[in-house]
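Chains A and B, in that order, are what the protein sequence lines are.
In short: position in the first sequence from 1, add 51, done, that's the numbering used here.
In short: position in the second sequence from 1, add 51, done, that's the numbering used here.
Quick caveat, the hints were computed from the structure, so don't treat them as lab data.
Careful, some of the hints might be misleading.
No distinction is drawn between identical chains; accordingly, a pair holds when it is met within one copy or between any pair of copies.
[What the hints assert, rightly or not] Simulated crosslink set (DSSO-like; lysine-lysine; CA at most 30 Å straight-line):
1) K82 / K180
2) K180 / K221
3) K221 / K82
Listed here are the chains, written in short residue letters.
Number of protein chains: 2
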Amino acid sequence: MSADRGFAPDPAAEDAPAMSDRESALAHDDKLELRLWLRLLTCSAMIEREVRTRLRERFDITLPRFDLMAQLDRAPGGLTMGELSSRLMVSNGNVTGLADRLVQEGLVAREPEAADRRTFRVRLTSAGKIAFDAMTPVHEGWIEAMLHGLDPQDMASLLALLGRLKRSLKASSDGRIRNAGKE
Amino acid sequence: MSADRGFAPDPAAEDAPAMSDRESALAHDDKLELRLWLRLLTCSAMIEREVRTRLRERFDITLPRFDLMAQLDRAPGGLTMGELSSRLMVSNGNVTGLADRLVQEGLVAREPEAADRRTFRVRLTSAGKIAFDAMTPVHEGWIEAMLHGLDPQDMASLLALLGRLKRSLKASSDGRIRNAGKE
DNA sequence: GGAAATTGTTTTAATTATAAAATAAAGGCC
DNA sequence: GGCCTTTATTTTATAATTAAAACAATTTCC
Chain A
52 MSADRGFAPD PAAEDAPAMS DRESALAHDD KLELRLWLRL LTCSAMIERE
102 VRTRLRERFD ITLPRFDLMA QLDRAPGGLT MGELSSRLMV SNGNVTGLAD
152 RLVQEGLVAR EPEAADRRTF RVRLTSAGKI AFDAMTPVHE GWIEAMLHGL
202 DPQDMASLLA LLGRLKRSLK ASSDGRIRNA GKE
Chain B
52 MSADRGFAPD PAAEDAPAMS DRESALAHDD KLELRLWLRL LTCSAMIERE
102 VRTRLRERFD ITLPRFDLMA QLDRAPGGLT MGELSSRLMV SNGNVTGLAD
152 RLVQEGLVAR EPEAADRRTF RVRLTSAGKI AFDAMTPVHE GWIEAMLHGL
202 DPQDMASLLA LLGRLKRSLK ASSDGRIRNA GKE
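Construct all of the structure, not just a fragment, from the sequences and the given hints.
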């Protein structure tokens, strides 16, 4: 390496104007894994932020509520609280609170499960279905526009690489669980 | 398309055991952009969740506090509240609260800025620096382990593709700002 | 059948997060 | 200098989030 590269240029910037985020202050010799994680987080947060803002402005709904409804929309038979919690990757208590508020608003219904009285089955009400159907094409349009700078081949590669990453993460967390208490 | 593909197999699973997340219920004909966004979010959330849990178990610190300290650690001259807010991509009020608690714990110090009395410069105290130095190599080890299933070439490709995505997101949000109020 | 462990959910307390309004200091413009 | 706008931050109110404890129903094991 040449000695005159002592400062750290933003490696993502080819011609982009300044933007400061978590990556900004990384040293040029930081670990590839760390750079990757921070960039992933930045991308994810950028999309999330944008979607959150637009959902509020356009539909006066919060992202977590939309998210929960999206899961229910794709599950015709409804989902239990636990299924919602694991799909959304949030705590049980969080789902309880979100569902409570959506029930109050009449968008979602909780029905007791005949076979197992511990569980509730949650599903969209017809009002919820109507509301969600109005939002989903607009939401998809936002995502498409945000990803417009990627061509289909970029997207396919990215999807595949993220699939590998997901398996790596799963393997790592499975290993941790398997080893729990063995020290 | 053949008619017998009415159910949706998990496109990320090559041989992975069952895992349900936001992607699980996507129809096989859903937009590539949407699949990509949900997979990105899943990966991001998986890492975040793991790091959050381990930081608490191992160092009894929350992820947002660690995150804030990490930014300060890489900024020898300290950062203003606004810089922290934009780097971490969280609201101003959030940074105020986090900084308040870190100051109480003695990990971080706020100093008034001579040149501009509106701003505060926030930096790690020596106690904060010591605490962070103890955490950072362990934290890096966790990330490395989680990404161990990716070879260096995968990581390089992924970093580059996420760089493109980041530019796409930035372009899209710049466009929206430029068009604000022009309707 | 009954004790013990497991599972599904809610509750509780604290933290984190947002958006919007309020405050306050700087800077620009006559 | 004095007004207006912008910028930096805090405050307020509310929502989301977590971890841990509490609860309740189910399953397992004898």
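Taking the hints in turn, this is what the structure says about them:
no., hint, in the structure
1, K82 / K180, "between (46 Å within a copy, 20 Å between copies)"
2, K180 / K221, "neither (33 Å within a copy, 33 Å between copies)"
3, K221 / K82, "both (21 Å within a copy, 25 Å between copies)"
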